[in-house]
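Novice: Letter by letter, the chains look like this.
2 protein chains.
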Amino acid sequence: MKNFAIGIDLGGTNLKGIIMEGDGSFRHLTRVPTGGQEGGTKVLENILTLIEKLLKKEGSSESCIGVGLGTPGFVDDDGTVLGGAENLPGWKGTNIYDPIMQQFGLKTTATNDVTITALAEAKYGAGKGIKNMVCFALGTGIGGGIVINGKVYKGSHGMAGEIGHIMVDPNGLPCTCGHKGCVEQYASATGIVNLAKMLAMKFESDIPSTLKRIALETPESLSAKLVYDYAKDSDPFGQYINEIACEKLAHAIGIIINTLSPDRVILGGGVMKAGHIILDTVARHIPKYCWQQLWELCDLVESELGEDAGAIGAAALAFEEIEVEVHV
Amino acid sequence: MKNFAIGIDLGGTNLKGIIMEGDGSFRHLTRVPTGGQEGGTKVLENILTLIEKLLKKEGSSESCIGVGLGTPGFVDDDGTVLGGAENLPGWKGTNIYDPIMQQFGLKTTATNDVTITALAEAKYGAGKGIKNMVCFALGTGIGGGIVINGKVYKGSHGMAGEIGHIMVDPNGLPCTCGHKGCVEQYASATGIVNLAKMLAMKFESDIPSTLKRIALETPESLSAKLVYDYAKDSDPFGQYINEIACEKLAHAIGIIINTLSPDRVILGGGVMKAGHIILDTVARHIPKYCWQQLWELCDLVESELGEDAGAIGAAALAFEEIEVEVHV
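Chains A and B, in that order, are what the protein sequence lines are.
Going by numbering that gives the first Met the number 0, the first sequence opens with residue 0, and the numbers climb by one from there.
Going by numbering that gives the first Met the number 0, the second sequence opens with residue 0, and the numbers climb by one from there.
One or more hints might be untrue.
Pairs involving identical chains hold if they fit within one copy or between any two copies, as the list cannot separate such chains.
[Stated by the list, open to error] EDC-like cross-link-like pairs, simulated, lysine to aspartate or glutamate; straight-line CA separation at most 20 Å:
| # | residue 1 | residue 2 |
| --- | --- | --- |
| 1 | Lys52 | Asp205 |
| 2 | Lys179 | Glu20 |
| 3 | Lys127 | Glu85 |
| 4 | Lys201 | Glu216 |
| 5 | Lys130 | Asp77 |
| 6 | Lys201 | Glu242 |
| 7 | Lys196 | Glu37 |
| 8 | Lys287 | Asp168 |
| 9 | Lys130 | Glu319 |
| 10 | Lys130 | Glu219 |
| 11 | Lys201 | Asp298 |
| 12 | Lys106 | Glu20 |
| 13 | Lys56 | Glu246 |
| 14 | Lys1 | Glu37 |
| 15 | Lys150 | Glu319 |
| 16 | Lys91 | Glu295 |
| 17 | Lys91 | Glu37 |
| 18 | Lys127 | Asp77 |
Just so you know, these hints were derived from the structure itself, not from any lab.
Go ahead and model the full structure; you've got the sequences and the hints to work with.
Specialist: So this is what it looks like as structure tokens:
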């Protein structure tokens with residue numbers, strides 16, 4: 000029987016698990032509630048139950064090389080959640096590796112959920128065959144995943160890739176991290192909605208803007224999707240917000256290009272459902288923020304894998320990190 | 000006889016060459032003029048003559064694994080200089096690898112001069128034993144070297160590490176690269192002198208400043224060393240310039256920390272002769288620009304190797320990249 004890994008994607012709402020072989024083929028996609036509001040112990044319990052379910056479906060754990068897990072926040076080398084997972088109260092401080100070893104005799108490797116999404120894209124999606132790449136996940140915040148020499152780069156303490164907090168304007172908007180002008184305050188879903196709320200009063204144009212009216216009259220109905228629906232429909236206020244969001248994102252991407260000279264930058268996450276308008280606008284602004292030569296050597300593309308990317312990447316991480324330990 | 004590599008550091012004034020063994024011990028340090036003003040062909044000729052001299056001193060090329068070269072600018076995978084070496088007219092477009100292979104039968108690997116300095120620091124200097132680190136070389140400009148998993152990271156096209164052009168202020172000072180607000184316009188030797196020239200008129204303080212008087216009366220006598228001599232001697236204008244330069248540098252370092260979460264950031268280059276005043280001021284400002292958790296896991300230190308770092312790093316690069324090719 001072929002070796003397989005268990006891949007688990009810990010989301011704010013659901014835990015998603017798969018059994019995956021080394022070639023990327025997967026089976027037994029299983030979803031259970033995360034139980035995030037019931038505290039860290041409950042989340043861990045639900046993870047253990049999910050692993051049990053998956054192994055039961057598989058029939059045996061004999062060929063299982065281990066468990067890969069993607070979680071919001073950071074995980075240290077011993078498997079303890081260090082923080083950065085503010086939407087999961089009590090998850091910080093939880094040790095993940097020991098209980099899985101105790102209950103199933105399986106090694107676990109865990110890292111940030113965006114990092115594993117980048118790994119999934121690198122191995123089986125928009126980054127397939129690409130040596131050096133960086134993935135920006137434009138969601139509620141902005142997360143990042145870095146692939147160096149075909150391998151996911153987590154830094155020595157599992158915490159690299161905080162590219163949503165690249166400060167693009169030292170006098171800019173206050174960020175949840177305590178600093179100012181982080182790129183996620185402009186180009187995340189939250190940032191886009193905030194920009195629309197903040198700028199609606201000031202925005203002037205000859206062409207009437209329905210989006211502006213919505214932002215003034217029912218700001219609570221705003222979403223990144225709505226802003227982009229209007230932007231794509233030539234609404235001048237929507238287009239104005241798009242320009243600001245994409246220019247700030249281009250600044251951060253330009254810094255990444257100057258630093259790492261990646262072969263490819265991948266844009267993913269919920270905001271990217273808006274599609275080409277973002278790619279096109281960002282690409283237009285990037286030349287202002289990095290060396291032309293480096294930009295010419297770098298593609299800017301959309302992510303390819305859908306919402307299963309997290310679980311796929313988690314299993315891929317297990318193959319990358321756990322198999323190595325066994326054979327060396 | 001033990002294997003050795005030839006390491007060559009191509010500087011604006013001198014070519015420096017060594018014979019180095021895998022343990023870092025080196026001999027036959029040789030210096031010849033670069034001949035940069037006589038064009039790229041002459042520079043190449045001088046490199047070939049230097050290799051010849053070194054091999055003559057060694058007596059034989061039998062145990063030579065190859066040549067490592069550090070050069071200003073970028074070099075592609077085939078050994079052709081792509082640019083970024085503006086102070087060496089005609090050097091761009093020169094192929095380095097083929098002539099060395101033809102004349103000596105030796106493989107060559109070349110990369111940016113700051114990158115190899117970082118490699119030297121990583122293997123034998125301030126970064127010894129450190130897995131992930133970034134080196135800022137504060138000289139005429141600001142160069143960068145990145146070490147990932149103990150190996151120098153050049154990117155797929157040999158051009159990564161342009162961290163001197165991280166844009167820390169989109170409305171900032173114009174840079175030679177055509178953009179605005181690159182960190183090297185503030186924290187390089189050139190940047191520091193320019194800040195002193197620009198800000199002397201505006202600077203007000205209760206304590207009289209000799210440096211301000213010099214900047215107003217004989218601006219041509221300013222140097223980064225002079226600014227720092229006064230700053231260390233409690234001159235208020237010198238201290239003001241130091242704060243600006245170090246805060247901008249801290250912004251760029253903060254971005255690097257958020258992105259790569261390095262274990263260590265090394266500051267080197269001529270400006271660092273000023274020593275601890277820079278380390279201390281930068282360290283004070285960094286917390287404003289990155290995640291506290293990541294900064295706590297990162298040291299900020301001064302480079303250890305002196306002016307031979309380039310040649311040492313070049314030879315180390317040869318061991319890293321050429322030996323691998325031979326044995327795999």
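Novice: Pop the pair Lys179 and Glu20 into one bin, within, between, both or neither, using alpha-carbon distances up to 20 Å.
Specialist: neither (44 Å within a copy, 49 Å between copies)
Novice: Should Lys201 paired with Asp298 be assigned to within, between, both, or neither, using CA atoms and 20 Å as the limit?
Specialist: Result: close neither inside a copy nor across copies, 35 Å intra and 45 Å inter.
Novice: Reference check for the pair Lys287 and Asp168, CA-CA at most 20 Å: within, between, both, or neither?
Specialist: Both. Shortest intra-copy (15 Å) and inter-copy (12 Å) distances satisfy the 20 Å Cα cut-off.
Novice: Measure nothing new, just compare the shortest in-copy and cross-copy C-alpha distances for Lys201 and Glu216 to 20 Å and report within, between, both or neither.
Specialist: This pair counts as within: shortest intra-copy Cα distance 14 Å, inter-copy 47 Å.
Novice: What label fits Lys56 with Glu246 when the C-alpha limit is 20 Å: within, between, both, or neither?
Specialist: Intra 48 Å, inter 57 Å, cutoff 20 Å: neither.
Novice: Is it within, between, both or neither when you check Lys130 against Glu319 at 20 Å Cα-Cα?
Specialist: For Lys130 and Glu319, both the intra-copy (15 Å) and inter-copy (18 Å) Cα distances are at most 20 Å.
Novice: Is it within, between, both or neither when you check Lys130 against Asp77 at 20 Å Cα-Cα?
Specialist: Classified as between: cross-chain Cα gap 18 Å, same-chain 28 Å, threshold 20 Å.
Novice: Indicate which option fits the pair Lys91, Glu37 if close means a Cα-Cα distance not exceeding 20 Å: within, between, both or neither.
Specialist: within (13 Å within a copy, 62 Å between copies)
Novice: Using 20 Å as the alpha carbon limit, work out where Lys201 and Glu242 are close: within a copy, between copies, both or neither.
Specialist: within (16 Å within a copy, 36 Å between copies)
Novice: As a check of your reading, is Lys196 near Glu37 (CA-CA no more than 20 Å) within one copy, between copies, both or neither?
Specialist: neither (33 Å within a copy, 61 Å between copies)
Novice: Up to 20 Å between alpha-carbons, please classify Lys91 paired with Glu295: within, between, both or neither.
Specialist: between (41 Å within a copy, 18 Å between copies)
Novice: Measure nothing new, just compare the shortest in-copy and cross-copy C-alpha distances for Lys130 and Glu219 to 20 Å and report within, between, both or neither.
Specialist: For Lys130 and Glu219, the Cα distance exceeds 20 Å both inside one copy (43 Å) and across copies (47 Å).
The structure does not agree with the numbered hints 1, 2, 3, 7, 10, 11, 13, 14 and 18 stated previously, though it agrees with the rest.
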